[in-house]
Amino acid sequence: MNRNLFALAPRRLVRTREIWLLAAIVVMIGVITLRAPSFAAPGNLLGIFNNTAILIILALGQMVVIITRSIDLSMASNLALSGMVVALINAAYPEIPVPLLMAMAAACGLALGALNGLLVWKLDIPAIVVTLGTLTIFRGTNFLIAGGQWVNADELSPDFIAMTRLDILGVPLLSWCAVLIAMAFFVLMTRTPLGRSIYAIGVNPTASVYAGINVGRTKFIAFCISGLVAGFSGYLWVSRYVIASVETANGYELSIIAACVIGGVSIAGGVGTVGSALLGALFLGVITSALPVINISPFWQMAISGAAIILAVILNARGERRQGRIILKRAETGA
Amino acid sequence: MNQMPQPTTRHIPDRLDNPLRSAIFSWQSLLLLVAIGIFTLNSFASPYFLSPWSLSDATFNFTEKALIALAMALLIISGEIDLSVAAIMALASTAMGFALQFGVDTPGLVAIGILVGVACGAFNGFLVTRLGLPSIVVTIGTMSLFRGISFIVLGDQAFKGYPQSFAFFGQGYVYWVVSFEFVLFLGAAAIYYVILHRTNFGRRIFAIGNNQVAAQFSGVRVGQIKFALFCLTGLMSGIAAVLLTSRLGSTRPSIAQGWELEVITMVVLGGVSILGGAGSITGVVIAAFIMGLVTFGLGLLNVPGIVMSIFIGALLILVIALPIVYRLVRQR
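Protein chains in written order, with this note's numbering: chain B, 1 to 335; chain P, 1001 to 1332.
Excised from the complex, chain P in its bound form (with noise of 0.2 Å):
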């Protein structure tokens, strides 16, 4: 990983890697590898995983966490963290179950979501920016008050009974196999990749992760970036909760419970580097298809959600650990 801090001195390089070449051994073809690798397993594997309907459902267990790994990933690359990501879905998803006690309809429901994700992201944002708080101990903290608050409000119960039209975000098709889903992914995958890659505020997230204090002096403002890339990371994490409200046609305050680590893994798994500074889109959507494969061909197979786990978990420690122990190797 070219992002890891290197102990041995610095080596300069008579010429630039070939592009072609660099881009044959970057780390989005050793995921893609991977991708295909486990794609072309799972239809050995099992003879139902190459139908169009069982990949449309493959799709629907990763793209709810995807879509924050997105904004995740931004977040992670300035150098901060968002572990109240899950907590955020479960305090947006009351509200819209809340909210429905009153007879609000679709897009109201859809409205409210998005913003009390938006605004448990600012508020992550307020303190971390104007606080000057290490975001990780923040947001442990806004984790256990953002579904504490679920807890108080619903308690043991569940909010039920949401319209027949709001069940499209999470279960409807936009044409033949492809889900509403999937194709908000892809749109929002394609936005996420301009911002970062394509855009001076993109350039500036990795300013601020390789180097804050000098961003800073450049005249970045750090702050509000981050502020920014805080309410950004609320946002996705809203309309996830509406998609998975939308797709169980239920709240409970346990919903969504641990998907913060895995949206972690899935950016890490992407090649973002966990100290700021690095990491690519492609990569976090490439990872996002892996996890999504990973789990459905285990699934197809009748391997418990537990034990796929240790798949991921192992893929986590792997994908990272190769590339360091083939430098390691090469140096001896």
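If we strip away everything but chain B, and leave its shape as in the complex, we get (with noise of 0.2 Å):
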């Protein structure tokens, strides 16, 4: 495949973003070993990753669309409806297959984010109107079909809880679940036509309309691409805290879009990588499980992760260096 120089020239900016950001969780996971040094216990890492698998698959997706300079709200809620769906669906037929359950997550969050796609294709709505739109909405319907109620852990058939928790190889099968999708990802992103596509029209997309590439087809792509993990973490999220409710996962596209940022993928599209959602992602995980560690309150955690966000984007923007770039400057329409 053609490396285009166009393409090139970011990613290489990434790359040593993403060994500075690996030296500094390995110098976090370090200064916090001094103090507790049972934290670096292969066991304890482990469990670390488990805890951040879901980011990690959620900022995956982000990740895709955020390249096409769009922007995906509703990635939380639309986890909470098919997560919701599959367990009600769960509670009532148990004798229904877990594989097939998730399927069906994967399925539902694909629906929903293709009804993100196709109204920022067809119609050409911005997308962070059309996910704060949808953002409401697929939070409303879970409302809607669960009637306000949860799905309790009682209610859950055992295999639907178990199946996240199944060891393979000393490693339960959530993490896997990240193993899997991040290499998924890096072949999507790097070694396929839409993967090129998808970092063309983030780049330049009215250089990718000459190069024959339909815009609008390739978002509405990212988006169900972002909808389908986002669906299936769904799944996983229910079986991994074992609740199903209408406040699942609430506010959780910030954090999403927070582990992006902090992995150096620029809101400004075309620059992002696999290795930058996994390790952005990581970084949050590795805060989130370090502060009970040594003895901070968890109440320091928002602020601690607000400030990473924010050192974030400087210490990205002065690597960057690229000038008069508007943010939420309108997309270009596509052929």
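The set of hints was computed from the structure by calculation and includes no laboratory data.
Treat the hints with caution; some may be incorrect.
A few chain B positions that, by computed beta-carbon distances, are all more than 12 Å from chain P [what the hints assert, rightly or not]:
hint, residue
1, M28
2, G30
3, I48
4, A103
5, S157
6, I168
7, V171
8, A182
9, V203
10, N204
11, S289
Quick partial rundown of chain P residues pointing at chain B, CB under 7 Å, derived from the structure [as the list claims (entries may be wrong)]:
hint, residue
12, V1137
13, G1148
14, G1155
15, V1268
16, I1310
All residues carry an ideal CB built from backbone N, CA and C; glycine is no exception.
Join these two chains into a complex; the hints should help.
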């Protein structure tokens, strides 16, 4: 595959950024280990990864959308709705096998993502407006289909709950999901024409049109991808936390975007890799896990991640040195 | 929506639209129609709707958000956005509660709330204009930071025991059923209308939103104006924090959670282009009333708040999609 110049330059920048972020995470783990020696134990690190797995999966989906100069604010609501759908199905028909439910959750998420994508593609409404609207619509629908009720642990089938905890080579299935999905995204973004198109329309939509890329359709696919992973994460979330409610993952959409931003995915589009989303999510995950270990009240977590986001943006901007691009600038209208 | 990018070749009309005709078919008229429709539906749906006290109560649930929406409209027209407004409210409210512990009285509390709001806005403005960072990311960060500080200060506690005189701002009435909040909102709307549509400053905001580089070359101080707009948004958030704290009589770190999205919905519903460069205060004010009426009307019908959000979300997408669909259909 041709490595076009326009895509290479920003990616090289990201690569050095990823190394810095990785170093920051390692240093952070090191410092915490000084105070709590058990923190760096393999078992604990695996636990942190497992706790962060869902955030990683979601951040990967969000990354694809952000690279196309869009944003998906509805991911957390999509997750909650898809999770609620499969939880209700499971509660009503416990005999349906769990893998089928996983597929249902993913399909439900895909459909919701496609709705976002269609509105962005066919009606040309800015993504931030569309997903702001669907964010509330999905969450409200969640309330309607569940009648405001929770689906609790005793209503879910044991298989449903056990699936994410299934031990494969000493690692829970939840972590494997994150690893496999990250690998799939890596292949998608670096080894397929679709991945190239996604970068291309983010770097320069006008040039992409002339290169024969259908900008609107590519954005549509990006939203389908983010919807798909959000829906699948819906199952993972309910299985992991053993509850489906209207409040599931409320406000989580901003954590997802924060993970991307910390990783160095540029909100202006065109910049970001699988590694950046992965490391950004892990950075947040390590902070979350570290606070109780070093005896800092969990109430500090929000402020610390806020400060981390701001710092990350400042550092990224220094590396980027791009000029004159206005945020929320109008997306190019593709053929 | 006329500010949407047009993929087809530019069409130059032979003559300008008749002002009356364009006024009738404008965004504001569409909104006004929606508002009147909702008002009528509400009056039929619930016998309790058309009483002065009901209508007065209806204003409470949107005036605080609408106050912020006024400033947010200017900010979005200039091409920026502030997602941290609700977090600013939380921090301002926490600061007021904190000062209360040291026996600060009502005037001091109000001053502290407003000052903290302005300071937070200035911090956002500094990061965006001085360091040249994208506002959507900066304010996602400060949103966590500001509310995070509230959580650090308060944890799972709450500040209570605000003085009696402080209650006036959120609960007081100026005359009969006309609340202080409502009067404040109308006054602020008038001021913002003048700022945006009748001053140089307002023209410059539109100029920046339409073409920042061109505005810069025309001698518009883009950085200064954007900084001022962030401060203004902070100021309105501070004022909203005073009102809400006074209305609730307590401060929790989760105060006004999720309001940023409702405020932005209000602004976008009001016809302000999320891409910047277009919008009007009249539209935002009507949109505020629409959202207030929908919420209140459905509330009278015992529709839960979360279901109302479906209506608001659908309204947001529909109102923006309909003109586009209409245009597409007509092009066929």
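Hints broken by the structure, by number, lowest first?
-> none
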